[in-house]
Structure formats: C-alpha cells, structure tokens
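Mind docking chains B, C and D on chain A? Use the hints.
There are 4 protein chains.
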Amino acid sequence: MKSRRGFASDNNAGVHPDVLKALGAANPGHAVGYGDDDYTRDALDLFRKHFGPRARVYPVFTGTAANVLCLKALTRSYHAVVCAESSHLQVDECGAPESWTGCKLLPIPTSDGKLTPTSVEAACHGIGDQHHVQAKIISIAQSTEVGTVYRPEEVKALARWAHARGMLLHMDGARISNAAASLGLTLRQVSGDLGVDALSFGGTKNGLMGADAVVLFNERAALDFRFLRKQGMQLASKMRYLSVQLGTLLAKDLWLRNARRANRMARLLEAEIRKIPQVRVVYKVEANAVFATLPPKAIRELRKKYFFYTWDEAKNVVRWMCSWDTTGEDVRNFARAVARALQGR
Amino acid sequence: MKSRRGFASDNNAGVHPDVLKALGAANPGHAVGYGDDDYTRDALDLFRKHFGPRARVYPVFTGTAANVLCLKALTRSYHAVVCAESSHLQVDECGAPESWTGCKLLPIPTSDGKLTPTSVEAACHGIGDQHHVQAKIISIAQSTEVGTVYRPEEVKALARWAHARGMLLHMDGARISNAAASLGLTLRQVSGDLGVDALSFGGTKNGLMGADAVVLFNERAALDFRFLRKQGMQLASKMRYLSVQLGTLLAKDLWLRNARRANRMARLLEAEIRKIPQVRVVYKVEANAVFATLPPKAIRELRKKYFFYTWDEAKNVVRWMCSWDTTGEDVRNFARAVARALQGR
Amino acid sequence: MKSRRGFASDNNAGVHPDVLKALGAANPGHAVGYGDDDYTRDALDLFRKHFGPRARVYPVFTGTAANVLCLKALTRSYHAVVCAESSHLQVDECGAPESWTGCKLLPIPTSDGKLTPTSVEAACHGIGDQHHVQAKIISIAQSTEVGTVYRPEEVKALARWAHARGMLLHMDGARISNAAASLGLTLRQVSGDLGVDALSFGGTKNGLMGADAVVLFNERAALDFRFLRKQGMQLASKMRYLSVQLGTLLAKDLWLRNARRANRMARLLEAEIRKIPQVRVVYKVEANAVFATLPPKAIRELRKKYFFYTWDEAKNVVRWMCSWDTTGEDVRNFARAVARALQGR
Amino acid sequence: MKSRRGFASDNNAGVHPDVLKALGAANPGHAVGYGDDDYTRDALDLFRKHFGPRARVYPVFTGTAANVLCLKALTRSYHAVVCAESSHLQVDECGAPESWTGCKLLPIPTSDGKLTPTSVEAACHGIGDQHHVQAKIISIAQSTEVGTVYRPEEVKALARWAHARGMLLHMDGARISNAAASLGLTLRQVSGDLGVDALSFGGTKNGLMGADAVVLFNERAALDFRFLRKQGMQLASKMRYLSVQLGTLLAKDLWLRNARRANRMARLLEAEIRKIPQVRVVYKVEANAVFATLPPKAIRELRKKYFFYTWDEAKNVVRWMCSWDTTGEDVRNFARAVARALQGR
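As they're listed, the protein sequences go chains A, B, C and D.
Going by numbering that gives the first Met the number 0, the first sequence opens with residue 0, and the numbers climb by one from there.
Going by numbering that gives the first Met the number 0, the second sequence opens with residue 0, and the numbers climb by one from there.
Going by numbering that gives the first Met the number 0, the third sequence opens with residue 0, and the numbers climb by one from there.
Going by numbering that gives the first Met the number 0, the fourth sequence opens with residue 0, and the numbers climb by one from there.
In isolation and in its complexed conformation, chain A is listed as follows:
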C-alpha cells in the first residue's frame, strides 16, 4: 500500500524530486551548524525576495512550531488568541499554544473557516479588566482548514481591525502557497502586504521533507526571535538541510507549480464527485481540499480501499486532500471508487 497515492492528507505525499536532488547536491563537505552557512544565507535571501526586504525568516521543523513560536513572539501570558473553532491551533496542537505561551485561545464558530471583524469582536470582551485575558492576536489560516481562501480584502479588514486596537494578526500559512495560487497573487501579496504581522510559512505540505518557517513582518517581534526558536527546540544543528529544502521551493516557482497542481486536482475531484448523486460537497473548493458528506455505509466501504479522515462524525463529513503529486488518474480512480462505494460495491 506504500506506493498508493491517496487523499488522506497533503502530508502523506513524498518529497518533490527537485528537493531530494538539491539535498544530495548540498551534502558533500562540511557546513557550519545552526544557520551560519551559505545554504541558509541563500534561502533567507530568497525569502526576502518573495516577502520583501524587511521580512525576518526563521526555518523550523514543523507547522505546529511555526504557529506556537509566532504566538510566543507576539504575546505575554495574559493575552488571548482569537481563532476559528476549526483551526489547527485550537484542535490539533495538543494544547501546545496554551502550554508554551500560557495564553488562552478564544475559539469562534464559523460557517466557512473564516474569521471576520464582526465575529472577532464578539469574542473580545473584558479588555482592560484585570480578571480577564486580554485578546491580543487574531490568528487565521490561509487557506483555511476547510479549504476556503480569504479574499485579500478580508485579510486586510482583519489586520486593520486588529491594529486599530493594538492587536496583531497571525496567519497560519501551512497552505499559503495553495491560497496564493488560488488567488493568482504572490506570497507577499497574500500576507505581509495585507498587514499580517507573523506568518507560519508551510513547506512540508507542499512537497518538502520537513521544513516550515516563521516569517515576521513585525520588527519588534523579530528582535529576539532567535532565542525563542532555540528555546522552542527548533534550531537545526545541520541547518543546511532545512534551508536547502526551503530554498528549492522558492527558487524556481516550485512552490507555485506544486500548489497549482494540488488545487487543480481538487477542482477536478470536486467536478467528478459532483457527478455522483448522494455525495454533497460542503465547502467551497478554493484550494486543495474537498469536504463532502456521504452515507456512513459508503464511508466505511470506501475506506476499505482508501484511508482518509472523517472531519465531522455527527454530520458524516469527510475530508479529501490533493497533493503536489496527485494525478488526474488518481482523481478519476478515486471518484470511481466513491461511486462504487455508494452502490455498495
């Protein structure tokens, strides 16, 4: 089953061949550890090319780490972080944000994974009251956990709303490439240019082996960030291998090609799926995810052939993700399997 490509998660895909090749090319010889090497210098240059000369960039190992360290840099322990109820931060980090920052999360129900100034406002009370945590961060995911994509003006509105209140905007960009590809914008146009203060840049889900990065647009947060990264156990000794991955992703639009492919496959999957009665697509397909409801019996049947996650047990919503390596054939085979599962075969 190892070589089978499925739709469980974009982190089930392997590493893009260009990245593997680059890792091999960077291997001979010695390189100073902890980031003081040429590969890292080159990668950081590329980041600044994409995100602007004032972006401060810190490679880390995981998206959880990128998220938590962004929050740590921007908060004090009595602050609170407003996020979507469905956010990775709230649901899938095993309490790392709370335990590492001390902050309370203020999760907000959403219909499409997106926060708005109105919904955020409702969650921010007790400002200035010493008994209450002080809402300081708005954290959004782009693309969202349900595969939707914030429009630039939606992000800008949140940034403006936050900054007007002394608050800051964090973007969980585990799939920022998919969002930028979807919007036809550059990485910078969907983050720093819209007022994002801190970005978790995702590489792992977009064809890397295991490399993400913290990108800080807020200068004050960046001041001592290197100490937080080390203390957060995210400083790679053989940093060149993180940097080479990230550099390869950014050097020749690999980030974009990979993301476009995944998005296109998701749209294809949506199209194929929509042909099947009894399956309902539940969120707009704007990035590389398709969420659908189908009868529990069909879910069980389909799972005999393909592993994937149930998103909402109560409502029989499942999640199917496309990856940089998903092929049209993969999609059509899968759609056929869905159809068959519904026919009980």
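Hints listed in this document are in silico derivations from the structure and should not be mistaken for laboratory results.
Glycine residues also receive a C-beta, built at the ideal position from the N, C-alpha and C atoms.
One or more of the hints may lead you astray.
Here are the computed lysine-lysine pairs in the BS3-like style, where the Cα-Cα straight-line distance is at most 30 Å [what the hints assert, rightly or not]:
{"#": "1", "chain 1": "D", "residue 1": "K20", "chain 2": "C", "residue 2": "K251"}
{"#": "2", "chain 1": "A", "residue 1": "K251", "chain 2": "A", "residue 2": "K296"}
{"#": "3", "chain 1": "B", "residue 1": "K155", "chain 2": "B", "residue 2": "K48"}
{"#": "4", "chain 1": "D", "residue 1": "K155", "chain 2": "D", "residue 2": "K48"}
{"#": "5", "chain 1": "D", "residue 1": "K20", "chain 2": "C", "residue 2": "K20"}
{"#": "6", "chain 1": "D", "residue 1": "K304", "chain 2": "D", "residue 2": "K274"}
{"#": "7", "chain 1": "A", "residue 1": "K20", "chain 2": "A", "residue 2": "K314"}
{"#": "8", "chain 1": "C", "residue 1": "K155", "chain 2": "C", "residue 2": "K48"}
{"#": "9", "chain 1": "B", "residue 1": "K314", "chain 2": "B", "residue 2": "K283"}
{"#": "10", "chain 1": "B", "residue 1": "K251", "chain 2": "A", "residue 2": "K20"}
{"#": "11", "chain 1": "A", "residue 1": "K296", "chain 2": "A", "residue 2": "K274"}
{"#": "12", "chain 1": "A", "residue 1": "K155", "chain 2": "A", "residue 2": "K48"}
{"#": "13", "chain 1": "C", "residue 1": "K20", "chain 2": "D", "residue 2": "K251"}
{"#": "14", "chain 1": "B", "residue 1": "K274", "chain 2": "A", "residue 2": "K20"}
{"#": "15", "chain 1": "A", "residue 1": "K251", "chain 2": "B", "residue 2": "K20"}
{"#": "16", "chain 1": "B", "residue 1": "K274", "chain 2": "B", "residue 2": "K304"}
{"#": "17", "chain 1": "C", "residue 1": "K314", "chain 2": "C", "residue 2": "K296"}
To give a feel for the contact side, a few chain B residues facing chain A, derived at Cβ under 7 Å [claimed, not checked]:
{"#": "18", "residue": "T61"}
{"#": "19", "residue": "C93"}
{"#": "20", "residue": "M208"}
{"#": "21", "residue": "T292"}
{"#": "22", "residue": "P294"}
{"#": "23", "residue": "K296"}
Just so you have them, the derived chain A footprint on chain D, three or more residues with Cβ under 8 Å [to be verified]:
{"#": "24", "region": "74-80"}
{"#": "25", "region": "227-238"}
Only chains B, C and D this time, still in chain A's reference frame:
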C-alpha cells in the same frame, strides 16, 4: 570553503551516503503521517532490537528536544536536575530545560565532565523541605561534553544511587554511539542495562540529516509521552523521513562504523598533536573530541584556515571534533596547520 | 459610602467579628513560620473533623490559587479541564489555569451553571489521539456561579462518570458553605463523600479576611502538594493568621451560620423582587445569589445608589449577592430602590 | 512556647498593635473588591509619597510573589537573572522564579551577600549567542540575606552597569526598611533614586500580618502588571485588608520605628554575643540579623530552649534575627542562654 572538512563540530559533517540513498528509496508513494507508517514501524523494531523489547522510542528533530522532553516526562515543576556545569543542558540549550519543565538545574563543577555519587550528593540538599526544589534527576552525557567516556560501573553507581533515593537517571546520548564504540559495548549495554531511565539517543551528530530519539526505559514515563512530544512541537508529519534515517543508522551497524571512524580519527589527531610542543591535550581522548590548549596567537593564526570553537576563553582551551567523514588526510593536514600556526606561519 | 452594605459581591462584606477577635487573640508572642505552629495544627485538625481523617488541607490566600493549584496537582500539561462556560475558571482568572498548568480548558454552555455527564461527554473527544489535549478533569462550582446548587446525586454521577474514565473531579467550593447550608448537609457530605478528588474550600466570601484552602481527597495528588503551594507563591510566612481565620470559621459552626444567613437573605431578596413587575428572576435561588433581568434604564437608575455587576450585557441580567452580614433591612431597602428605579425615580 | 519571643526569624513575630487596630477600624461596612476601594487608594497615595509620584504599586500576599512577579514583568523566557548564591530567589523559593518566568538564574558566590559589577560581569556570557540565555536582570537583596547593607553608591554602580547594557535592576526589599533605617535614608533614597527598576517591598517581616508590594519604577514594566498580578494569583478580593496594613506601616513612620528597633536589638545582640568567647560573629551586623559560629554541641544545647535555623551546616553558622517586637530583655536572656549553652549547662 563549503567542501572543506574541518574540526569545528561533528554536526558540520554531512549525511552518510547510505542515509541519503535510503531517503530516496523511501520517497515514492504516499505514507500515513505522524508515525503510523511502515518505515516508522521498522525503525522502532530496530530500536527495540538494540535497546531491548521494553524500550519505548520516540523520534524527534533535535538533541535539545530529546533532552528537554526526557526531563519533562520524568519531572514535576518543583523538581531539580543535577548535571555537570559543562553540560549541554546547562550551557547550550538557551534555558529550554527551565522554561519547558519549570525545574531548576543544579550544575556541578567537574574535572572531567563526569558526575559521581559523591559530587551529586553535595548538590542535593533540602530534600523534603518545601522551600527547596527537590532533586529528582541526575543527567549525564555519554560521551561527555569534554570527550571522556563513563565506565559502565560509573553509570551503574549513579543509577543505583539515584534509584535508592527515588531519583532517576537521564543520559544525554547525543554521542552515545561514540561512547559505545569506545567501550566496545552495545548501545543497550551502555544505557538501559546500567539503569538509565531515559536516554536522548543522538543520530544527527553521527551521520544523519536531523534525527534523534527519546528512548524510555522507565515505563511510567512512557505512558503519555506521545502527548508530550506533540506538545513539544516534535511530532513530524512526514515521519517516514525521520524513521528512515534512524532505521538506516541502526540496521547494519552504520552507527558503529561511523562512531568508530570518528573515534579513531580523534585518537590519530591526539597522536599527531602530541608531537607538537606548546600544545597540551587537556582531557582524555576517549571518544571523538580533542581538547587542547595552545597560545592565543596560534589560535588566531589557525582560525584563518579552520573554523573551530574556543571552549574556555580564560584558559585558551579549544575543542576539535572528528566526524564520521573525517579522513586520515584531514587529520594530518590539520595537525600540520597547527604546527605551522605555532611557528607563526 | 464605605459603611453602606450593598449586593455587588459577597467579597465586599467585611470580616466576621469573631474572626477579628480570634486574630487579635492569636497575635501575642512568636510563632514558627510557614505552618509549623499550633494554630495551624488546630485548624488542620478541624478540617479533618469536617472533611474526614484522610483529607489533606493546605491554606492559601485566594480562591484563584486554590483552583489553579488543585488543577496543577491533578494534571500534566497535555490534559484538559472540562468546566462550565460561565465558570470562574474560564471567565475570571485572567488565564491563570492555562498559564500555570499549561492545560486547555474545555468550556461547556449550560442553562443553569451545572455540568452533567452528558454535557461533559460531548466535550471529551480525541481521547488517546496524540494531536488532542486529553480531558482529565471535570471542574464544577458548588454553589454554581449562577447561584444554583448541585444535588448530591448530580455530583456523584459526575464523579462516577469521571472515575470510570480515569478522570478526576474538582470542586470550586468558593461558596461550598452556602451549598451545604442550602442542602442541609455537612461539608464532607457535599464534597469528599460524593467522590470529589480536590476541593477549593472558600473562606473569604463567607466572612474571612482572606483565607481559602485546598482540600485534597486524592492521596496521590497530595503527595508533593506542599511544593506546589510554595512554588505557587501561596505559602504564608505568618501562617498562623490564615489558620486562625479558617479555624474560627470551622470551630463553632460559624461557616454554617454565615452561609445560612446569606442564603436566607437571598431568598428574602428573591421574594421581595418577585413582587415587582418588570423584574424577572432568571436562575433558581438556591444559595446566596439572585440573578434578575430588568430594563437597562432601571439598571442605570439603580446603580446611582448601589454598585453591582451586570452578568450578561446582552440580556440585561444583573447579579445581586447576599453576604454573611446582609440584614433584612438591607434587603427591603434594596428592593424598594429597585422598585423606585423601575418607576424612574 | 507560643508567647515566648525568639530569634529564629523576623516572620515569627506577630502583628504590630497599630496594624491590628487599623484592620478593626476598616472592618465595618462593605468595600468594593479587588482594589477599587478607598483604603487602597489611600495606601497607594502613601506609597507614592514615599517612593515618588511615578512609582506604580501593587500589593501582593508574599515576598516570593513580589519577587517572582517583578521578574516576570521584566523578562522574557530566554532571559537570565543574576543573583547571589545565597539569595532567597536562588535558595528559598522552591524554583518559583524558574517555573513562573522560564528564566535561568545565574547564582554568584559572594563573601558578604553583595553583588558587584565585577562579579556580575563574570556571570554574563554568551550575550547575543542564540544557544545561551541572555542575562537581563541583576537581582539584589537589601538588606542582604546575611544581614549586610549595600551602600547607596554600590547600588547605583550596579544600576548604571545594568542600564548601560540594556539590563535592569531588581531589589528584593523584604527588609528594605531595615536597610533604610540602617543607612538613615528614606525608602526612595535606597531604591528608585539609585536606579532600581523594580522593588519587592516587604511589609510582613516588619510588623504586618501578611502584606508586601511590588513597586515598579520602570514604566514599561508597569504597563500591564495588573494582569500579571491576577494571573499570579495575588489579587486580593478583599483588598482593603492588605491596603490597610501597608497604609498603616507607611502613614506615621511605623516602618521606620519597627525597623530601627529590630536593627538596634541586633546590634545589642551582637555586643552581648561578642562578650562570649567561642562565639564568632561572621558577617557585619548592619541590619537586623546576627550570624555566628559556635560549636555544634552548644548549638544543640541552645536549641533545647530556642528554635533557630542553621545557615551553614558545614561551618556551624547559625542565624539569629531580631524583630520589631524584640526587647532588650529578650536579647539579654538569649545571650545568657548562649553563654550557658557553651558551658554545657
């Protein structure tokens, strides 16, 4: 300068070709994330083969993480950790142990990097007194930060002393392979069999790209460890790539070949260096490190050609590390450069 | 306005004269610090008389501290605490539970401030899944923040449900005396006997100057609790003054007399208020709190004379608390003021 | 033994009668909780009278809390705190500083309990190096734990040294009144005026029941301090009783009278003790403490009559503290007992 091999640190070396090859071989197809894949299953089996069937093993990204998470698993916030004044834990983790566990470190001066029951005892006071932190962990490094190696009976004596007092023994095994190779013992014979409760197993410094592991011999500590790893931001989504590295290291005695080579080169370096008057080797060369004093002017001169770290500014002690890829020629070239630096050339 | 008695909070009342007198009586001479004195010994004896010989008791300064330290004793950082959305823990501790324990709170909406096994069950998911916090504690307030009182069988059901799953039950007893008085039961009958593992015993709101206590029925939690109290900055150097307060409360049923009085006054206030059209009592009055809705204009009018808190801005719900020192005259005067405020006078 | 006055600690003494009286006088009627009452307003005014109009003051319950919260306000988790090896912070807080702030302490050996720029400098290395904690705070005790008193110019030199490096100066003033009395200076002259950024003001050891305060001269630290106090479980609900204690201490030079008395008694004790051969006073008696060595057998003998602490087991150093209520007769009786103990009677 990229391809030059130096003696600054064993983490400056690249990845062993077998490991790179294995990473490539594991790349095609999809694999379930977060450790539920065949590569991880195989790697954990190999660990149990080396460390015994009751060892619980958790791959992580860095040695800092392995150390901190071991301590986190074994302590409560009012505990204290006894360690050598020169230990990585005390000196080089940017306070990660304290900030993650809440515990105080109790650093002990040593002459050779090693703790003994006698020296530990002197640091443990106020037991049972509510005003004092409660010494709970003895943490030793094997091989030590100064390149010495604990004899099995020394480790056993510490374990016995600790266990008799309800305390536990942690081993920072960033270089456990070098220690085992030096002693001619198996990995298990230098850790679990001696009473070690938790081991930070080092792979990165011994030819991997970036993969270490927590090995727990203490069942209770292992109970919920997976949550601590995730919360500690050390759960790899594409886990197969960590597991393949570790598996390759353990599968065909690569760990041993790499460590033996590094140790042998250190002994060669020591021998070459001892021929040079004005250089004094300051610690026993028992693993892959050579510590030496030489005049400050010679240090400056030598550094024009080779980057390396000063260990003790006040005493002009420098550290030279050998790696899995160090060659006899590297060593002889370097020794010649040392000699020349002393002659002011 | 200092000497005016209002209904803003039971912590606005002063100290019962018997307590002041006892503090004076305990003042002459020296007493060993940190709890090793006769007053503390006596107070702990009294606690065991009330809560059973196996109760472990630790005086602390505040209810927040009692709550947080109970949780700290019972949890690891990856655990979660299920509590009512309206709980003090969730709303009024400025994030102290999260920042001090690292745990996530799982707040549950309730109609009457009470949790049930069914509502708790809905909040506990992802058990065993390393990505999720692990629900470990159910925390209830007795009496609740909205002035209702759990029936003994309701608490017992929660304890049984929790223990069957390896979870534990914490009771925030800031007003446990009011609950016991309301139910006509002893302190022990409403806590330890029902399966409560850890109790925050409230003294301050029931006539003390500033003294609460952690009461642990769970032996394992008590093992090292003294270190957590000290580290939690709650170990009084002049402990005798905390102990004398608590001892006086428990020695001659002062706890019961004070609580009964406050409860009786709340029932009187309810009766008086119910006579006034336009005011609606919104929760059952079972302890010393009355929650009511009245028109915003009347709230503003009434507040010119009496300070009190709005509980729910959106629904115009206000909270009125009775204290150990509330008199029938206080109540009638206040009810008249309410009536007048509604007439716009 | 309750009414016997001894020399074990200045926290064994009771509460000054004026303070008890003031507590009684403040008791009638209701007062808004959490500091929004007239007593607190008055007390804060008095603090500003003593410490200058820009001092920000926050009453707390314990000296441990004052210390830890000062550090929390001034640090981030990767910072380090330089303190004397004998400091309360290092020895007697059960790791509260580390567990609350995440910071590492850098303890320095001293001959007289005092830090100097030279000794501090030796402990501050690795500044700017991401592997190392960053020394940020110098924390001194005034008077020191061994009863010595910093001269104003010594404090000023430390403040200047710290500020020149972007570091800050914390003063543990558990006994600041004894220091000021000893120097014949005002409270402000020995703290804020010398460049102290944050002061733990001690009231409990100087005749109060249990009330200390954080005094912040550094505006930025004060910005959000109220949230840290609440999160630190140090916000009193019935705040008036803390404020009345502190107000009484500061209103009519009670702080000075109490401290002078204690200091005078310590000098008297020193004089009496010096008459006895075999007893050696080991530190300068500049505040209210006398440290002496005497033969172990005599220590045991004396302890049959008087409880007191051994400071240094190895060197047979004991600590004797005088309090605001120590009398000349107490001292003479004690000196006689010491003499007798040495004669084996």
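Hints, one by one, checked against the model:
no.: 1; hint: D/K20 with C/K251; in the structure: holds, 25 Å
no.: 2; hint: A/K251 with A/K296; in the structure: violated, 45 Å
no.: 3; hint: B/K155 with B/K48; in the structure: holds, 22 Å
no.: 4; hint: D/K155 with D/K48; in the structure: holds, 22 Å
no.: 5; hint: D/K20 with C/K20; in the structure: holds, 11 Å
no.: 6; hint: D/K304 with D/K274; in the structure: holds, 21 Å
no.: 7; hint: A/K20 with A/K314; in the structure: violated, 44 Å
no.: 8; hint: C/K155 with C/K48; in the structure: holds, 22 Å
no.: 9; hint: B/K314 with B/K283; in the structure: holds, 17 Å
no.: 10; hint: B/K251 with A/K20; in the structure: holds, 25 Å
no.: 11; hint: A/K296 with A/K274; in the structure: holds, 19 Å
no.: 12; hint: A/K155 with A/K48; in the structure: holds, 22 Å
no.: 13; hint: C/K20 with D/K251; in the structure: holds, 25 Å
no.: 14; hint: B/K274 with A/K20; in the structure: violated, 43 Å
no.: 15; hint: A/K251 with B/K20; in the structure: holds, 25 Å
no.: 16; hint: B/K274 with B/K304; in the structure: holds, 21 Å
no.: 17; hint: C/K314 with C/K296; in the structure: holds, 13 Å
no.: 18; hint: T61; in the structure: holds, 6 Å
no.: 19; hint: C93; in the structure: holds, 4 Å
no.: 20; hint: M208; in the structure: holds, 5 Å
no.: 21; hint: T292; in the structure: violated, 23 Å
no.: 22; hint: P294; in the structure: violated, 25 Å
no.: 23; hint: K296; in the structure: violated, 23 Å
no.: 24; hint: 74-80; in the structure: holds (count 3)
no.: 25; hint: 227-238; in the structure: holds (count 5)
Consistency note: the structure conflicts with the earlier hints numbered 2, 7, 14, 21, 22, 23.
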